[in-house]
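Just so you know, the sequences run in chain order A and B. In terms of full-length UniProt numbering, the first sequence opens at residue 1 and continues consecutively. In terms of full-length UniProt numbering, the second sequence opens at residue 1 and continues consecutively.
Because the hints were derived from the structure by calculation, they are not lab data. Model, not experiment: these values are computed from the prediction. Any given hint could be a false lead.
Pairwise CB distance ranges (calculated) [as the list claims (entries may be wrong)]:
1. A:Arg181 to B:Val130: 55 to 61 Å
2. B:Lys89 to A:Leu479: 48 to 54 Å
3. A:His310 to B:Val107: 40 to 46 Å
4. A:Arg237 to B:Lys89: 35 to 41 Å
5. B:Thr82 to A:Leu529: 55 to 61 Å
6. B:Gln135 to A:Ile157: 42 to 48 Å
7. B:Ala57 to A:Pro366: 55 to 61 Å
8. A:Asp349 to B:Lys89: 45 to 51 Å
9. B:Cys87 to A:Pro401: 23 to 29 Å
10. B:Lys89 to A:Lys360: 36 to 42 Å
11. B:Lys97 to A:Arg181: 56 to 62 Å
12. A:Asp80 to B:Gln135: 56 to 62 Å
13. A:Tyr327 to B:Gln139: 45 to 51 Å
Calculated lysine-lysine pairs in the DSBU-like style (CA-CA distance at most 30 Å, straight line) [said to hold, decoys possible]:
14. B:Lys58 to A:Lys413
15. B:Lys93 to A:Lys404
16. A:Lys413 to A:Lys294
17. A:Lys404 to B:Lys97
18. A:Lys23 to A:Lys41
19. A:Lys404 to B:Lys89
Only some residues are given here: those of chain B computed to face chain A with a beta carbon under 7 Å [claimed, not checked]:
20. Val72
21. Val130
22. Val134
23. Asn168
24. Ile170
From the three backbone atoms N, C-alpha and C, an ideal C-beta is built for every residue, glycine too.
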Amino acid sequence: MTKESAQSAAEEDQQAQSKKALKKQQKEAEKAAKKAEKQAKVAAEQQSTEEDDFAKDRYGVSALVQSQQKLDRKLVRVQDLTPEKADQLIWLRARVHTSRAKGKQCFLVLRQQQFNVQALVAVGDRASKQMVKFAANITKESIVDVEAAVRKVEQKIESCSQQDVELHVERIFVISQAEARLPLQLEDAVRPDGEGEEESRATVNQDTRLDNRVIDLRTTTSQAVFRLQSGVCQLFRDTLTKKGFVEIQTPKIISAASEGGANVFTVSYFKTSAYLAQSPQLYKQMCICADFDKVFCVGPVFRAEDSNTHRHLTEFVGLDIEMAFNYHYHEVIESITDTMVQIFKGLRDNFQTEIQTVNKQFPSEPFKFLEPTLRLEYTEGVAMLREAGVEMGDEDDLSTPNEKLLGRLVKEKYDTDFYVLDKYPLAVRPFYTMPDPHNPKYSNSYDMFMRGEEILSGAQRVHDAQLLTERAQHHQIDLEKIKSYIDSFRYGAPPHAGGGIGLERVCMLYLGLHNVRQTSMFPRDPKRLTP
Amino acid sequence: GKRRAPCLPLFQGFLSGTEQGRCYLCGFKLWVPVLQNNQGPPLVGLITIACHLVKEAKRSNLLGESAEGRAVVQQWLEYRVTRLDGCTKEDSKTILKELNIHLQDNVYLAGNHFTLADTLMYYGIHPLIVDLTVQEKEQYLNVARWFDHIQHIPSLRHHLPPVVVLRNRIYTSRHH
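Based on the provided sequences and hints, a complete structural model is requested.
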């Protein structure tokens with residue numbers, strides 16, 4: 001190669017190189033230009049978004065409410081949203097039950113306990129596109145503050161409790177945001193089991209509910225159940241107070257097992273141990289001996305029974321009654337049955353909404369009772385069972401299936417879901433039960449049943465220290481352990497009787513439910529200690 | 001295998017008014033009734049013996065009223081021996097279901113007349129019915145009705161324990 005050709009070759013190379021470089025540069029410049037264009041576009045869009053969002057002050061996530069200010073703003077309850085409030089501008093705080101976007105609109109269902117109402121966020125002069133989008137993205141169960149105009153609707157909104165109005169939202173702020181993934185869906189939790197199977201929709205099983213009780217308790221059904229339960233307590237107290245009873249509180253940490261040795265929880269008590277009370281029995285009676293005449297108490301009862309059934313809990317609320325009587329323990333039975341009847345009437349007359357709400361998910365027959373309450377003797381009950389083909393001895397206790405069968409036979413014959421079975425055989429009752437004066441095989445004791453299941457066990461108590469000692473010895477009970485109990489009857493004791501019911505069981509049976517955990521807020525059983 | 005309570009003596013008693021001990025059970029693996037006959041070889045088998053006894057007692061109407069009726073009676077007798085005898089717990093539920101459907105439109109097993117089919121099925125099914133709960137008897141309502149009717153026929157039940165069938169339904173509403 002000559003110098004010249006080399007030179008020209010080098011030049012050519014350089015030229016080629018610069019051509020390449022030029023191309024590369026051009027490409028890069030194009031890329032940069034495109035990127036800049038894009039960025040400018042996005043920025044412009046954002047600006048335009050912000051500029052176009054005329055409603056940006058009317059929605060958003062609020063700062064944490066740390067009591068920064070005292071707002072003089074009245075919040076209306078969802079249950080008060082009726083046509084009377086039509087065209088009013090109101091504020092309310094509720095949960096977002098559902099939110100669904102549809103084009104330029106977002107439909108929300110806002111829920112407060114058992115009540116819910118439809119709300120609408122629509123693009124218009126009050127709401128922007130961005131606001132509608134925001135509303136549609138609010139997670140379920142979030143708590144929101146909403147300012148809205150109440151509007152009457154032409155067609156009833158069947159799916160809501162407030163059927164005649166809907167809200168047209170002007171402002172919506174999230175006060176407390178819920179996490180996106182809920183452990184259970186409330187819609188599934190209120191779905192009747194049958195419907196779930198038919199339409200292949202999900203229902204929620206009991207364990208999941210109980211593990212996430214806080215959410216499960218928000219359902220309309222749960223709200224209704226526990227409001228009714230609160231009513232039972234209220235009616236129990238009011239009825240007995242009107243009858244002249246005094247409410248007492250009894251200790252739950254005790255030194256000796258009150259009912260029997262086996263089913264009692266032991267707790268460590270400093271250097272020794274103590275027990276959790278299986279019933280307030282002993283203390284109720286001591287109050288009678290202390291001249292309180294008629295007492296009742298509402299408190300926890302602890303039974304360490306390793307039963308995993310639909311009707312047993314290890315801790316439940318006992319409603320207990322004890323009463324001195326004049327001449328016959330039937331005076332006490334009448335008092336107790338009248339109290340129960342007042343409770344049934346009170347529930348029937350004041351809690352129909354709650355009963356209907358529960359029945360929507362768990363259909364059942366309404367609870368029936370007679371006035372005066374039906375009272376059958378044990379021997380009559382046995383005769384009815386024998387007539388139906390059951391074989392049992394005169395002094396046999398009733399098994400659970402036989403109790404249920406007898407309940408059915410009684411319902412068929414007398415048309416009542418509530419009755420008393422009186423004069424149980426002495427052999428199957430606790431040692432402190434007063435024997436029948438005319439027939440030593442029987443006793444002055446009684447059980448009460450709702451829908452064929454036992455809710456109360458009661459009796460006239462032995463109020464004589466000597467007889468009590470004999471009965472205890474007969475049952476082979478260590479007298480040392482019940483010395484203080486026997487001593488209470490040594491200084492004059494009136495004849496008395498009583499009984500106790502379980503709050504959860506009574507609610508379960510009144511509503512026709514099938515598992516006592518449905519009527520216990522945070523149930524305790526051999527397998528469950530939380531929440 | 002389990003030995004069924006001998007029903008042929010009961011049946012003989014029904015036909016003649018008194019129990020007669022001419023039947024005995026014999027067999028190696030299967031307990032099969034044998035009737036010692038003065039006039040020839042012994043008769044073997046429940047159906048054979050039962051039909052023979054009926055004819056001997058001049059109660060041939062118990063075998064059916066028409067050709068079709070007689071065929072139906074024989075079908076039920078076969079049902080007794082092949083399906084009911086020695087059935088498992090699961091089978092018994094199926095049998096009760098089938099019977100319940102059949103007895104919805106029939107007063108007796110073979111239609112409107114009492115026949116040998118009712119007798120042998122009654123004896124055969126008695127141990128099942130005796131153990132049913134009140135609720136189950138309501139579930140198999142037609143079987144219970146038929147059974148109650150048959151067990152009341154004079155001289156039929158003998159010493160077999162009567163089964164209580166309630167007059168009114170008590171499980172009317174949703175089960176609680």
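The hints, checked one at a time:
no., hint, in the structure
1, A:Arg181 to B:Val130: 55 to 61 Å, "holds, 56 Å"
2, B:Lys89 to A:Leu479: 48 to 54 Å, "holds, 51 Å"
3, A:His310 to B:Val107: 40 to 46 Å, "holds, 41 Å"
4, A:Arg237 to B:Lys89: 35 to 41 Å, "violated, 52 Å"
5, B:Thr82 to A:Leu529: 55 to 61 Å, "holds, 56 Å"
6, B:Gln135 to A:Ile157: 42 to 48 Å, "holds, 43 Å"
7, B:Ala57 to A:Pro366: 55 to 61 Å, "holds, 58 Å"
8, A:Asp349 to B:Lys89: 45 to 51 Å, "holds, 50 Å"
9, B:Cys87 to A:Pro401: 23 to 29 Å, "holds, 25 Å"
10, B:Lys89 to A:Lys360: 36 to 42 Å, "holds, 39 Å"
11, B:Lys97 to A:Arg181: 56 to 62 Å, "violated, 46 Å"
12, A:Asp80 to B:Gln135: 56 to 62 Å, "violated, 48 Å"
13, A:Tyr327 to B:Gln139: 45 to 51 Å, "holds, 49 Å"
14, B:Lys58 to A:Lys413, "violated, 47 Å"
15, B:Lys93 to A:Lys404, "holds, 23 Å"
16, A:Lys413 to A:Lys294, "violated, 35 Å"
17, A:Lys404 to B:Lys97, "holds, 25 Å"
18, A:Lys23 to A:Lys41, "holds, 26 Å"
19, A:Lys404 to B:Lys89, "holds, 25 Å"
20, Val72, "violated, 31 Å"
21, Val130, "violated, 9 Å"
22, Val134, "holds, 6 Å"
23, Asn168, "holds, 6 Å"
24, Ile170, "holds, 4 Å"
The structure is inconsistent with the numbered hints 4, 11, 12, 14, 16, 20 and 21, although it conforms to all the rest.
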